[in-house]
Amino acid sequence: MGLIISISIFILAIIVNQSMIVGQTTAESVLDFPKSDIQDLRSEIFRMRMAEVDQNPVIEDIQIISLIRKSAIVYIDNTSEILIIHYNNGVTSYNETIRF
Amino acid sequence: MVNESGILYTIEGLSASILMITTAYLVVSTTMVFTPGDSHIIDMQLEQIGNDALAVMDTPVSYNALSPLESSIKDNDPNAFRSRFLQYINTVKPGSTIGSDKIKFFSEVFYRKGDRIESYPFADSGDVYTGREHMVKVSRMVFIRDASIISALGPDNRPQSLLIEVTLWRE
Numbered sequence: 041m042g043l044i045i046s047i048s049i050f051i052l053a054i055i056v057n058q059s060m061i062v063g064q065t066t067a068e069s070v071l072d073f074p075k076s077d078i079q080d081l082r083s084e085i086f087r088m089r090m091a092e093v094d095q096n097p098v099i100e101d102i103q104i105i106s107l108i109r110k111s112a113i114v115y116i117d118n119t120s121e122i123l124i125i126h127y128n129n130g131v132t133s134y135n136e137t138i139r140f
Numbered sequence: 057m058v059n060e061s062g063i064l065y066t067i068e069g070l071s072a073s074i075l076m077i078t079t080a081y082l083v084v085s086t087t088m089v090f091t092p093g094d095s096h097i098i099d100m101q102l103e104q105i106g107n108d109a110l111a112v113m114d115t116p117v118s119y120n121a122l123s124p125l126e127s128s129i130k131d132n133d134p135n136a137f138r139s140r141f142l143q144y145i146n147t148v149k150p151g152s153t154i155g156s157d158k159i160k161f162f163s164e165v166f167y168r169k170g171d172r173i174e175s176y177p178f179a180d181s182g183d184v185y186t187g188r189e190h191m192v193k194v195s196r197m198v199f200i201r202d203a204s205i206i207s208a209l210g211p212d213n214r215p216q217s218l219l220i221e222v223t224l225w226r227e
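First to last, the protein sequences are chains A and B. Letter by letter, the first sequence follows residues 41 to 140 of the numbering used here. Letter by letter, the second sequence follows residues 57 to 227 of the numbering used here.
Hints should not be assumed to be uniformly reliable.
[As the list claims (entries may be wrong)] Restricting the straight-line Cα-Cα distance to at most 30 Å, the calculated cross-link-like pairs of lysine-lysine (DSSO-like) are:
1. B:Lys169 <-> B:Lys193
2. A:Lys75 <-> B:Lys130
3. B:Lys158 <-> B:Lys193
4. A:Lys75 <-> B:Lys158
5. A:Lys110 <-> B:Lys158
6. B:Lys149 <-> B:Lys193
7. A:Lys110 <-> B:Lys149
8. A:Lys75 <-> B:Lys193
9. A:Lys75 <-> B:Lys169
10. B:Lys149 <-> A:Lys75
11. B:Lys193 <-> B:Lys130
12. B:Lys130 <-> A:Lys110
13. B:Lys169 <-> B:Lys149
14. B:Lys130 <-> B:Lys169
15. A:Lys110 <-> A:Lys75
16. A:Lys110 <-> B:Lys169
These aren't lab readings, by the way, just hints derived from the structure by calculation. Computed from a predicted model, the values in this text were never measured in an experiment.
So that you can see chain B by itself, here it is in the shape it has in the complex (with noise of 0.2 Å):
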């Protein structure tokens, strides 16, 4: 006998077939596999906490003083950018029992001398250097209107813009 209660069972039957055979060529096609690290989320969080962190250091104190980044600089003092620099990195909650954050860098200085651009080391985090993890460069431009000290390093003694380069990973 011919009625119509066949053509729904036909119907989901071959929506069915469509459906496996759809799912098994999207498994067997899509085989990347993405870890967090593929992401680029952490690597963009560490770039973020390196401007800030450095973005703080270049605020003078108080009116028409110099910024604690530029008199560090300045005076070629690498241990008093080295200690501020990781404390603002590092601190993960003030007076907290978790510890801090394990987030070392290398800094260098750029300068300008005619036509070329040459550098000198600035402050590291000491210690040794695994390389196990990603890492990530800020910078940030420094006016410097007193460069007497830095000259014995190589720069002209004259007011510039120095650029300071720092590369952070987590160890």
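The following block holds chain A by itself, in its conformation from the complex (with noise of 0.2 Å):
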């Protein structure tokens, strides 16, 4: 009976040490995923598609930006029947295709 109580507590003792290094990795890969930048740059491309400018310069804009500012990769290919928007920061990777 003493036995088993104790090696119950044992196994719970181990269950909270290991916690905190559970949050803390779980925090590290929420950071490291770039969430708000792919929809920033969505939400960015769709304005600019939308709006009547010369989108070349802008695409430009984009792309050394994210390579210079973000460390990420960004390549748009954008005519009137097709839309790419190919981003890699290093770690993750997103693409897409819209067809008009």
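Hints are included, so try docking the two chains, each in its own frame, into the full complex.
Structure representation (structure tokens):
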């Protein structure tokens, strides 16, 4: 009886001990995933596409700013029938193709 | 006399000794002290607050209007940006007596000129920075249709995409 109780206390102590590491790795993986970067990129491209402006300089803005400030390679292919977005920041890669 | 009542006694003794030695080994070997700051949970929450506030500010209030973020950058109005952004990130509960949160920020706008990226400083929350806490950097791309006012600060006078980078920390 005493043996059973002591073994169960031991297992609970291991669970408490490992819980801080679990919390840290979960928070780190949330920080590493570029969810807001990808959402921001898509909203910027759609806003640009709906504006009546010359789009090639704006696409180059987006590609060079993403490369230098956010360390992410972005490729955008934008014509009236197809929109291709490719994003890769070294850890996460995102591809999207839309045909109109 | 040989009988079986000693077997369980011996086995209990052996397993108790193994338990004690393993516990002592675990206690001695895992001597890393984890503080709540090490777990990055607070940093993740602060980054989420910053990203959400910028996303809300970049939403137009009515159809075909400019978003508050775009108009404050286009007209080069750091005070409008500062008051709105501080209101979004520091409000704990509207009308509460608890007061507000104490997040401060500093922001910069990056633009492309030819092949290079240059920047100019934008709004900040004033005050003195003590720099005690961790900081988080959030950013948002802003599409500017009319760059005539900000072209005095460096960007080309054409419709372009800028990046606003905001550094946040809790004072």
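Verification of the hints:
1. Taken as a hint, the lysine 169 of chain B and lysine 193 of chain B pair is honoured in the structure, with Cα atoms around 23 Å apart against an allowance of 30 Å.
2. About 26 Å separates the Cα atoms of lysine 75 of chain A and lysine 130 of chain B, which keeps this hinted pair within 30 Å; it holds.
3. Only pairs whose Cα atoms come within 30 Å are accepted, and lysine 158 of chain B paired with lysine 193 of chain B is accepted, the gap being roughly 16 Å.
4. Only pairs whose Cα atoms come within 30 Å are accepted, and lysine 75 of chain A paired with lysine 158 of chain B is accepted, the gap being roughly 26 Å.
5. Taken as a hint, the lysine 110 of chain A and lysine 158 of chain B pair is honoured in the structure, with Cα atoms around 27 Å apart against an allowance of 30 Å.
6. A threshold of 30 Å between alpha carbons decides the hint, and for lysine 149 of chain B with lysine 193 of chain B the separation of about 24 Å falls inside it, so the pair holds.
7. At roughly 33 Å between alpha-carbon atoms, lysine 110 of chain A and lysine 149 of chain B are farther apart than 30 Å, so this suggested pair is violated.
8. With a C-alpha separation of about 14 Å, the suggested pairing of lysine 75 of chain A with lysine 193 of chain B holds against the 30 Å cut-off.
9. With a C-alpha separation of about 28 Å, the suggested pairing of lysine 75 of chain A with lysine 169 of chain B holds against the 30 Å cut-off.
10. Distance check on the hinted pair: lysine 149 of chain B and lysine 75 of chain A sit about 27 Å apart at the alpha-carbon level, within 30 Å; holds.
11. Note on lysine 193 of chain B and lysine 130 of chain B: the hinted pairing holds, with a Cα-Cα distance of about 22 Å set against a maximum of 30 Å.
12. About 23 Å separates the Cα atoms of lysine 130 of chain B and lysine 110 of chain A, which keeps this hinted pair within 30 Å; it holds.
13. At roughly 43 Å between alpha-carbon atoms, lysine 169 of chain B and lysine 149 of chain B are farther apart than 30 Å, so this suggested pair is violated.
14. Our distance criterion of 30 Å between C-alpha atoms is met by lysine 130 of chain B and lysine 169 of chain B, whose separation comes to about 17 Å.
15. About 13 Å separates the Cα atoms of lysine 110 of chain A and lysine 75 of chain A, which keeps this hinted pair within 30 Å; it holds.
16. Between the alpha carbons of lysine 110 of chain A and lysine 169 of chain B the distance comes to roughly 17 Å, so the proposed pair stays at or under 30 Å and holds.
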